[in-house]
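Colleague: Each chain, written out:
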Amino acid sequence: MPTLTAGDVVNRIKAVMAVQGVAWNDATTRDRFKFGGPDTLVTGIATTFMGTFEAITRASERGLNMIIPHEDTYWNDADNTVIAEADPLVYKTKVDFMTAHNIVVFRIHDHMHRQRPDFTFSGTAREVGLDPSMETAPNSHRFVIPETTFGELAARVKKIRGDDAIRVVGDPNAKVSRIATGAGMATPAVNVPDIDVVIGGEQREIEGTFDSPEYVMDAATVGVAKGWIILGHNMSEESGMQEMADWLRPIVPEVKVAHVRAGNVYWVPK
Amino acid sequence: MTEISRRDFVALTAAGAIATPFLDAASLRSAATVTAQDIVDRVKKNIGVDWSSDDVDTFKAGDPATIVTGVVTTSMATLDVLQKAVQAGANLIITAAPTFYSRADLSTAAGRGFGASGAGRGPGPNRGGGPGAAPAPSPATTSGAGTGASAPMPPAPVLPQSVVPPAQPPAVITPPTPPPIDPVYAGKNAFIETHKLVVFRLTQHWNQRRPDPRAQGLAAAMGWTKYKTGEDSLRYEVPAISLEALASQLKKTLGARGGIRAIGDRTMTVRKIGLLPGFTMLQASIATLPSVDVIITGEVQEWESATYAQDVAFAGVRRGFISIGRVVNEAPGMQVCADWLKTIAPEVPVRFVSAGDPYWRPI
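Protein chains in written order, with my numbering: chain G, 1 to 270; chain L, 1 to 363.
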């Protein structure tokens with residue numbers, strides 16, 4: 001019989017993070033219980049990129065009832081359920097499933113990004129095949145690889161990552177070697193002189209503080225070697241939830257801890 | 001790049017419009033001269049919506065007093081589009097998207113990368129990729145109130161601040177030396193200067209027109225105009241088609257490459273289509289998806305509408321969601337804009353040039 005509660009798990013997370021230099025910020029609106037609460041008994045823990053219905057279902061099928069997603073559960077950053085309740089298609093089904101399966105959801109976002117390394121970055125670097133020995137300095141998120149063409153690099157990233165919906169901007173023949181990686185919306189600037197390629201998660205196509213797609217298109221016209229590989233928010237941060245599961249395992253030895261993928265978001269038409 | 005001769009250009013643009021006989025540049029000017037400012041004044045007078053602000057829809061480059069030899073409308077004034085405009089003999093470019101890589105649209109590299117640590121990369125609670133780090137969507141281009149959906153309009157961003165990272169104290173930005181010249185900005189500025197081009201952005205007011213020009217243009221391109229079910233050109237009921245076939249058809253017709261992405265069972269049958277042009281917030285998707293088979297939009301935040309559609313599909317509810325890309329989404333509206341401009345600027349040839357899809361996909 002498990003006697004570990006979700007509250008116990010959260011308290012241990014806070015304690016270990018504090019020891020590792022990340023003091024808990026109680027003002028966070030993100031890193032809180034999103035379903036269930038501290039008294040829920042934990043049968044097992046699933047880390048995942050987002051509290052998708054798919055992730056919750058797959059975790060439950062494996063006997064894991066505590067979900068630790070990096071992102072939200074109700075399709076908005078604030079997890080405002082008033083917005084989500086307006087949906088008649090799936091909201092109730094999802095909540096009913098969580099109730100029936102004694103699910104508890106605790107999000108870990110802000111504090112995870114304050115950890116060093118930030119697993120969302122290191123996980124992505126691992127999954128796109130960037131060797132840590134090529135990082136210019138610890139946690140710089142910059143890598144220097146043997147010179148290749150941008151097209152070859154993009155094809156390699158896609159092959160290793162294995163997802164279809166990767167989007168790329170730039171001249172495939174450009175010679176590149178200096179890479180900056182991003183995670184989620186924190187996509188590094190591509191117009192930095194000593195960076196050839198940015199591999200990031202998500203960024204607005206236009207109307208942002210900096211519109212990389214147009215810049216990279218114009219760089220190709222001018223003949224400046226630049227490339228932009230956009231994995232998708234999910235694809236850029238899911239990898240790091242494996243590292244998060246590995247981090248959690250020793251501090252909750254009573255229960256099984258596994259990384260459960262939130263599921264592919266997009267497919268692409270022919 | 002497609003070579004467009006001036007003869008082809010005139011032939012293209014004169015077809016169906018007020019017939020402007022081909023004249024050489026000099027006689028054209030003597031026959032009737034119109035400046036960029038004249039054309040913009042006519043746009044403001046005839047557009048049919050209140051010219052409510054001069055924040056976004058302004059001149060971005062060049063001298064408004066320039067005598068116009070031809071007009072190109074485009075989804076985005078990339079350097080490639082500017083080159084095509086020059087080949088076609090046009091010197092006024094009217095663009096939906098920014099020209100200088102940000103909403104602020106400044107012709108120097110002040111926004112990101114050079115100087116300080118760069119917008120969106122500063123310290124603060126959002127550092128590291130939280131959804132909260134997202135810039136506010138443009139009110140002009142959001143599917144929300146007034147577009148047949150129910151999302152509240154976000155507050156209009158204040159222009160000068162849009163180049164500054166929101167969570168970063170201004171005092172931190174202290175570049176001791178001037179930033180190096182950005183070769184991409186420099187190359188674009190030099191081309192504009194050499195060819196005396198004038199660039200005007202027209203999006204905020206253009207997309208307030210009803211019917212929504214992006215929806216109207218997309219429906220025309222797809223052959224859906226006759227299937228319109230609503231009064232606002234946002235709803236269509238088309239002959240049954242699978243979601244996968246629909247996505248492929250959109251990709252081919254709109255000239256998308258890697259930017260088009262879809263969610264939902266590929267084999268599901270689509271009849272009812274809901275268009276949400278531009279950037280779509282979650283509230284608009286929730287207000288629309290229940291009453292249609294598929295939403296077709298320009299761009300969403302992945303953790304909002306995309307994840308919502310993913311959950312709907314996972315639950316076995318037969319609904320689809322297609323994101324065609326923001327720039328691709330603006331193109332049909334600017335095609336409509338070219339046709340409209342011909343009626344208010346009959347002295348000069350007008351044509352549409354697409355910026356294409358910024359994205360490609362590795363094999």
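Where hints are given, some of them may not hold.
Cross-link-like lysine to aspartate or glutamate pairs, in silico, EDC-like; alpha carbons within 16 Å at most [unchecked claim]:
1. G:Lys270 - L:Asp265
2. G:Lys270 - L:Glu244
3. G:Lys175 - G:Asp164
4. G:Lys159 - G:Glu135
5. G:Lys92 - G:Glu54
6. L:Lys226 - L:Asp265
If you are wondering where the hints come from, they were derived from the structure by calculation, not from laboratory data.
Here the structure is a predicted model, which is why all the values come from computation and not from measurement.
Colleague: Each hint: holds or not?
Modeller: Now the hints, each set against the structure:
no. : hint                : result
1   : G:Lys270 - L:Asp265 : 15 Å, holds
2   : G:Lys270 - L:Glu244 : 8 Å, holds
3   : G:Lys175 - G:Asp164 : 24 Å, violated
4   : G:Lys159 - G:Glu135 : 21 Å, violated
5   : G:Lys92 - G:Glu54   : 15 Å, holds
6   : L:Lys226 - L:Asp265 : 27 Å, violated
Against the hints set out earlier in the document, violations occur for numbers 3, 4 and 6.
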